[in-house]
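Sequences listed follow chains A and B, in order.
Counting in the working numbering, the first sequence runs from 1020 upward without gaps.
Counting in the working numbering, the second sequence runs from 8 upward without gaps.
Hints in this document: simulated from the structure, not taken from any laboratory.
Treat the hints with care, as some may be off.
What the hints assert, rightly or not - Cut-off 25 Å, straight-line C-alpha distance, at most; resulting in silico cross-link-like pairs (SDA-like, lysine to any residue):
#1 Lys1022/A / Pro46/B
#2 Lys1060/A / Glu108/B
#3 Lys1060/A / Leu118/B
To be verified - Derived coverage of chain A by chain B (criterion: at least 3 residues anywhere in the stretch with Cβ under 8 Å from a Cβ of chain B; other residues may be distant):
#4 1063-1070
#5 1109-1120
Heads up, the beta-carbon is just placed ideally off N, CA and C, and yes, glycines get one too.
Residues per chain, in single letters:
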Amino acid sequence: ELKVEQNPLFLSMQEGKNYTIYCNYSTTSDRLYWYRQDPGKSLESLFVLLSNGAVKQEGRLMASLDTKARLSTLHITAAVHDLSATYFCAGDTGTASKLTFGTGTRLQVTL
Amino acid sequence: KAGVTQTPRYLIKTRGQQVTLSCSPISGHRSVSWYQQTPGQGLQFLFEYFSETQRNKGNFPGRFSGRQFSNSRSEMNVSTLELGDSALYLCASKGGTGGLETQYFGPGTRLLVL
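Start from the sequences and build out the full structure, keeping to the hints where you can.
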């Protein structure tokens, strides 16, 4: 059974700083996803990572995948307040229809 | 393309009642999955429907059921509601190609059981 762990659970960072969120998973995952959730809102898809060494970037966010270490990272560069949200990673074991989510990382960017 | 829609957005029920939630996937998407989100348990997979058939099921009691119609719209039903069923229920439809399939989530139905 796939298990997904994220850390940290909560991250308070100043604007302009860099930080990384870590996502470890327990068994082979066919894909690794990153989602963003604003308070009271739904989940917004950020990245889908498929293969070892995959790196994707969108704005100040960059996600990478190391399948050998069963580790994905979400790196935040020069944080801005608009990035404040909860970030989830998730894995799947086949059909991309049954996702197993991590606990989420609540990111708070302060001035 | 319109996104995933869910109705109703908010619902208040009392213990013992039953509830039906509805989800319309993105046009052309045939797979619909349901998730429950609570502060204590996080995001948990309920079930997935594809071509009117349940293809995957999570670890929830039989009080939670669903179905899918020929137009891919899906409903989930919770019978004999318990206080612990209070949650945000999210529906997602699957799309994408080349192995990069992903799930696109609707706005959710927030259910409060009193």
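We went through each hint and held it up to the structure:
1. Lys1022/A / Pro46/B: Holds. Lys1022/A to Pro46/B sits at ~18 Å (cutoff 25 Å).
2. Lys1060/A / Glu108/B: holds, 22 Å
3. Lys1060/A / Leu118/B: holds, 14 Å
4. 1063-1070: With 4 residues close enough to chain B, the hint holds.
5. 1109-1120: holds (count 8)
Consistency note: the structure conflicts with none of the earlier hints.
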